[in-house]
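S.K.: Keeping the supplied structure of chain A fixed, place chain B upon it in accordance with the hints.
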Amino acid sequence: MDLATLLQVLDSTVRLATPLLLACLAGLYSERAGIFDIGLEGKMLAAAFLSAAVAAVTGSVWLGLGAGILAALLMALIHGLASITFRGNQLISGVAINFLAAGLTVVIAQDWFQQGGRTPSLMGGARFEAITLPLAETLRAVPVFGPIYHDLISGHTIPVYFAFAMVPVTWWVLFRTRFGLRLRAVGESPEALDTAGVSVIRTRYAAVLICGVLCGIAGAYLATALQAGFSKDMTAGRGYIALAALIFAKWRPWHALMATMLFGLLQAVALRYQSLELGRVTVPVQAMDALPYILTVVILAGFVGRAIPPRAGGEPYVKER
Amino acid sequence: MERMPKWADVLLIPLISLILAFALSALVIVAIGEDPVNAVRLMVTGALGSTYGWGYTLYYATNFIFTGLAVAVAFHARLFNIGGEGQATLGGLGVALICLALPWPHWGLALPAAVIASALFGAAWAAIPAWLQATRGSHIVITTIMFNFIAGALLNYMLVNVMRPMGSMDPATAKFPEGTNLPTLHEVLAPIGINFSKAAPANVTLLIALAACVLVWLLIWRTRLGYEIRALGQSAPAAVYAGIRPVRIVMLAMLVSGALAGMMAVNNVMGEAERLVLNAVEGAGFIGIAVALMGRNHPFGVLLAALLFGFLYQGGAELALWTSIPREMIVVIQALVILFTGALDNMVRAPLERAFMAIGRGRG
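Chains as they are written, first to last, in the numbering used here: chain A, 1 to 321; chain B, 1 to 364.
Just chain A, with the same shape it has in the complex (with noise of 0.2 Å):
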């Protein structure tokens, strides 16, 4: 394989690992907060209708963000309704909002645009354009160097860096402020935040709210970046993939950012091969895709390092009279 080659694999790696990432991070806000979140896939996919949508009957990329965006909130506040206000079971409630959200964008878009449960194709300002980043055409020549800064690292959508940038960050506010402290303590022991009169609820919703953002973003960029249209069941099962990857990562935000490439890679190669020759072994497409699932059960069964959830991960909070 030359570098060519390898470099547009990679290229496709980033592009494919962006929605996993995102979903990946909100994920990560929510469970450590701890509130379980198998409801990533349905946000997503309502985000991504809504903002294909919005942007094609306004022309507007960002318009059709900001709808996708509330969208997810819209998905998040049921789902902290019912686990955080009712106390209910937070895995059913994920399980809803998945179908809810693969109901909704079919019966809606079939009701808006007569396309059988698809948006129209979206072009020029609707849809998120690749940026070039500075000096990219200038340092092309650079061995080595300027073609993997020229192919891989610029020439991507504003929502890419987005997500990127969003893992330093991430990491910053959940262990380097006040808020993240509380986070983070909320999914371990909610009674020690109770006893110090920091609000268990206030808490748990602010994380659930910031995962539908995030949600949100990664189903916009899905159906106005990635693809050009929402059409049914576009997410293909990537809030899942995004969820093992946050058990892959143990609920760090770095690592999250590794599994998500790693996920990302595979789904890059299983795109571009149909089987993947490894000396004489031949690896068929279908264990590529598998592969996710099957190393998120490994990493679960503890045999590779265990991965232990929040501890309050899951209870509703029950104050004490």
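Simulated from the structure, these hints should not be mistaken for lab results.
In this text, all values refer to a predicted model and were calculated from it rather than measured experimentally.
Incorrect hints may appear among the rest.
[To be verified] Distance windows between CB atoms, simulated:
no., chain 1, residue 1, chain 2, residue 2, range
1, B, G137, A, M123, 48 to 54 Å
2, B, V10, A, A196, 39 to 45 Å
3, B, F22, A, T132, 19 to 25 Å
4, A, E315, B, P351, 21 to 27 Å
5, B, V40, A, L133, 56 to 62 Å
For each residue, glycine too, the CB sits at the ideal point set by N, CA and C.
M.R.: Then chain B, alone, in the frame of chain A:
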């Protein structure tokens, strides 16, 4: 003092949740410019107005009884088996392998073999997540989700690379031999003088599903194992104190659950398609969650809820045919049912409890 009479818990709460879910669904239908009353009328005539409609309603219901029972059994041990989809996929693989392996002379021989194969394959697919939950503490919800995707990839591999007949482009197995074709309800009911639709896919598997309801009821409320499953679900420390081994119970409950989900394949793969195709389960594994939640994890409740969802599925298909309401409307209804009967249970329960307390105080 009991905070609420039992009938309110078993009947009133699911009923109110259901009414809320249907009311919101009606609002969605109004919002897309259709008439909900007309929609209900179309659904009723489409799903229940002919033996053809009934045949589809009962066919879907048979699927949902199996997956609903699967979720319910696991729920009794406080395990959330979200992997019915994958277990039913593997069940289909088991059915296909056994049906294609031998030149079956008569369905009466093929049926028990297929039931056993599907149950074994489904149980095997549930065994690894169960074992990881029981011994390594890996969360069963996450592992069963992962196993759904792994099952999808495995089925894809088997159909494309192994089981596809020579020269066929279609990722599916060959048609099963004649001797494995199950009698439809038309053939079952003809001797007793009922002329049931020939075209509908409901078949003799329905009777197995009904028997499974009875057997699950016996298992949960009339056997030692059922008692131990419920005890573990109510309180793990108390169960351990009483000498119940949690690893054993988690394993057994999940094996039964996986076997039930796997047996769905007898209905859809052997009874309807008569060959194995990609994505044969079509989401029935997930509908099991809604069915178990609505049926309050009781086999009789599961049966009623499965009939309701069978009606919704067939009715929804009719809606898509005659109006501009797409099939996905059923997914919305299903989501709302899960939301209100599962996640937002306390929203309905708390005010009711307060009302009953007030009535109780008024009397005393």
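S.K.: Against each hint, give a clear statement of whether it holds in the structure.
M.R.: Comparing the hints with the structure gives:
1. B:G137 to A:M123: 48 to 54 Å: 51 Å, holds
2. B:V10 to A:A196: 39 to 45 Å: 42 Å, holds
3. B:F22 to A:T132: 19 to 25 Å: Because 53 Å falls outside the window, the suggested range is violated.
4. A:E315 to B:P351: 21 to 27 Å: Holds, since E315 of chain A and P351 of chain B (Cβ atoms, about 24 Å apart) stay within the stated range.
5. B:V40 to A:L133: 56 to 62 Å: 58 Å, holds
The structure shown violates just one earlier hint, number 3.
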